[in-house]
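So the sequences go chain by chain: A and B. Numbering-wise (this note's numbering), the first sequence opens with residue 1 and increments by one. Numbering-wise (this note's numbering), the second sequence opens with residue 1001 and increments by one.
Simulated from the structure, these hints should not be mistaken for lab results. Just so we're clear, the structure is a prediction, and the values are computed from it rather than from any experiment. Mixed in with the good hints, there may be bad ones.
A partial selection of chain A residues facing chain B, derived with a Cβ cut-off under 7 Å [stated by the list, open to error]:
{"no.": "1", "residue": "L203"}
{"no.": "2", "residue": "T213"}
{"no.": "3", "residue": "V221"}
The calculated SDA-like cross-link candidates involving lysine to any residue, where the alpha carbons are at most 20 Å apart (straight line), are [said to hold, decoys possible]:
{"no.": "4", "chain 1": "B", "residue 1": "K1080", "chain 2": "B", "residue 2": "L1126"}
{"no.": "5", "chain 1": "B", "residue 1": "K1254", "chain 2": "B", "residue 2": "D1128"}
{"no.": "6", "chain 1": "B", "residue 1": "K1224", "chain 2": "B", "residue 2": "P1174"}
{"no.": "7", "chain 1": "B", "residue 1": "K1254", "chain 2": "B", "residue 2": "L1182"}
{"no.": "8", "chain 1": "B", "residue 1": "K1224", "chain 2": "A", "residue 2": "E205"}
{"no.": "9", "chain 1": "B", "residue 1": "K1224", "chain 2": "A", "residue 2": "T213"}
Chain B stretches covered by chain A per the calculated footprint, using a threshold of three residues with CB under 8 Å from any CB of chain A [to be verified]:
{"no.": "10", "segment": "1154-1161"}
{"no.": "11", "segment": "1214-1224"}
A virtual CB, placed ideally from N, CA and C, is assigned to each residue, including glycine.
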Amino acid sequence: MASAEPYSAPSLLPPRRRRRGRRSSLRSWRLRDQAVFVLAWTVGIGLFAVVAALVGFFAVRGAQYLRPDLLVTHPAPSVSQAGSGGFLDAIEGTVLLGVIGLLIAAPIGVTTAVWVVEYGRPRWLSRIVESTVEMIAGTPDIVLAIFGLALFELGVFAPLSYSEPGGAFGRSFLTAGAMMSLVALPSVYVATRNGLVATPRQLREASYALGKTRIATIRRVVLPGIRRDIATGSTLGLGRIIGDTAIVILVLGATLRIDTQSSTPLLGLLRGTGSTLTSYIYGNSPAGEGGAPQKASAAAALLLLIIIGLNWGVGRIGRIGGPPLHEPKRRLGA
Amino acid sequence: MSARERLANARSGKLRPAARQSSENVALPIDNLELTADLMSVTPEKADSTTQVAGTAAHGRERLRLDDVSVFYGNTPAVKNVSLSISHGEVLALIGPSGCGKTTLLRTLNRLTELTPNASHSGQILLDGDEIDELVDTDLRSRISMVFQQPNPFPMSIFDNVGFALREQSRRRPRRPELEPLVNQALQRAGLYEEVRGDLGRSALRLSGGQQQRLCIARAIAQKPEILLMDEPCSALDPRSTAVIEDLIGQLSKDLTIVIVTHNLQQARRIADRVAFMYLGDLVEIGETEQIFTAPREQQTREYIAGVFG
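Use the sequences and the hints to build the structure in full.
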């Protein structure tokens, strides 16, 4: 009989929530959908495997060869591994070049984006500016480098580098930094432009409705609102500067050590030549003239670490200082 | 009875007999609906004469006068031949169905429509007798300030939001100690000071929606404008924040002229001294709040109030 069943009180707890809704199983999909599904997973995992291999390889190499003393000793011209020193100058060169490049690129990129988005008149000029930036982004750095060298060897630019009465040497931190600014410019420009375009119209109107001029609105409201976009673009631009080799070799001179060009402290350094981690790696790799592949690997591990750090920084920038006005655009295909 | 008293009465549940009768008054006999078609076209003359009557009935001296104002987007008129006058210290509510030109009219008063490409207006808008197109736009907008539908605080601290309104455009930027009393005063008038006094350096974006809107009001009244335009200031807010802001409007109307666009008829009734009903770009009727709600002259007004359309 039914009464034989033990009575169970109705549970007061809600029924256990199903973790997932019903889904049609993969097997019931059409063949083409199945194929695309598998392809998507394969490509995704494959890409991850490549990056993991790269990072893993340099993590091992770095652990093997990256010694703290390499970071603080000057490099020396020597055939023996023991005497060729570390890559302090390359680190310093990387930092210095990044700073110079960004100091030039950031204001120009931001100003250009503001002009194109907020004013943009005459129309044809703003279109030319837009496509110019796109063209810079698409120009190979070796082309920029050779142009930069030709440009800065002109007599008018003599103050920027080592020069003699006959002409300018053209190679210095200043000239290389100027060319590097072109490498970073598109990132800064695109990020700023996207931020400006995404700024809600109501925000500008609020400022206008308080009787503020357009320029005050841009300076005090719009630009502070997109400082994260600008920071993101600058960081990405910095990453591109740090990773560039062609300009360093042609326009910075790729001298093993930083060679200052006069006794004036700062100016001498800026007019001097030097190298960066990228050119150091190139010079010491089996392809280069030097025979110190271990040190090249160590420098490469360090460079990769810096780039990973910068990318992490880009992600962090998006979260500082309260909720964003809009979702910052991370993909910056220029 | 002023807007403030009415507001207080509405809060305490004391509705006057006139208000109670309203539902009976607006009950429409079916056969009257046929009149609607004829009344669709209210002539400007008619609106004008209404204005004269309502204008003389208002409290203080005339601040803002609109003569035959039309606003166009391209060739499409959004506001047609509107004439009205707004007196010192009154609260004027613009009501009407969506897309009837209320907001456009409001934005024309401080020349914000200029920011929309191909928007233009005809007719005259006089602020204290001066044609507003003759005034410098930034001066005009600091005299006629505006609060928007969506709270739109700037992405900066609470203090800087209000301070921004006070800082000079150029030359001398007042320093924080100079600004502080003014900022605090504006926040007090907007009824926000007590809630944020502990941390004026906090980002304004972290405030709640109602607080953000009150911050926007504080910002708008910081430079002591003469007229405050409000474009559905409560439509994005919950009932409690709405009540706070309505109280605030009652407070502010002591020394400010307020023009408010609202979709909420009860709100218009609670806070406004006069109500203007717009339909399809026309100013159909303008009059004392009680008259509009209890004895509207126009058929369309009656139907809108009764909820036949809109």
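Hints versus structure:
For L203 (chain A), the suggested interface contact is upheld, since its CB lies about 6 Å from the closest CB of chain B, less than 7 Å. Using the Cβ-Cβ criterion of 7 Å, the hint placing T213 (chain A) at the interface with chain B is satisfied: the shortest such distance is roughly 6 Å. Against a cut-off of 7 Å between C-beta atoms, the interface hint on V221 (chain A) holds, since the closest Cβ of chain B lies about 5 Å away. For the suggested pair K1080 (chain B) and L1126 (chain B), the alpha carbons sit about 17 Å apart, so the restraint of at most 20 Å is met.
Taken as a hint, the K1254 (chain B) and D1128 (chain B) pair is honoured in the structure, with Cα atoms around 19 Å apart against an allowance of 20 Å. Distance restraint check for K1224 (chain B) and P1174 (chain B): the Cα-Cα separation of roughly 17 Å lies within the 20 Å cut-off, and the hinted pair is therefore satisfied. For the suggested pair K1254 (chain B) and L1182 (chain B), the alpha carbons sit about 19 Å apart, so the restraint of at most 20 Å is met. For the proposed pair K1224 (chain B) and E205 (chain A), the alpha carbon gap of about 19 Å is at most 20 Å, so the pair holds.
Taking the CA atoms of K1224 (chain B) and T213 (chain A), the gap is about 18 Å. The hint holds against a cut of 20 Å. Here the segment 1154-1161 of chain B counts 3 residues with a CB under 8 Å from a CB of chain A, which clears the bar of 3, and the coverage holds. Restraint check on the segment 1214-1224 of chain B versus chain A: 4 residues with Cβ-Cβ distances below 8 Å, three needed, restraint holds.
Every hint, counting from the list given before, is met by this structure.
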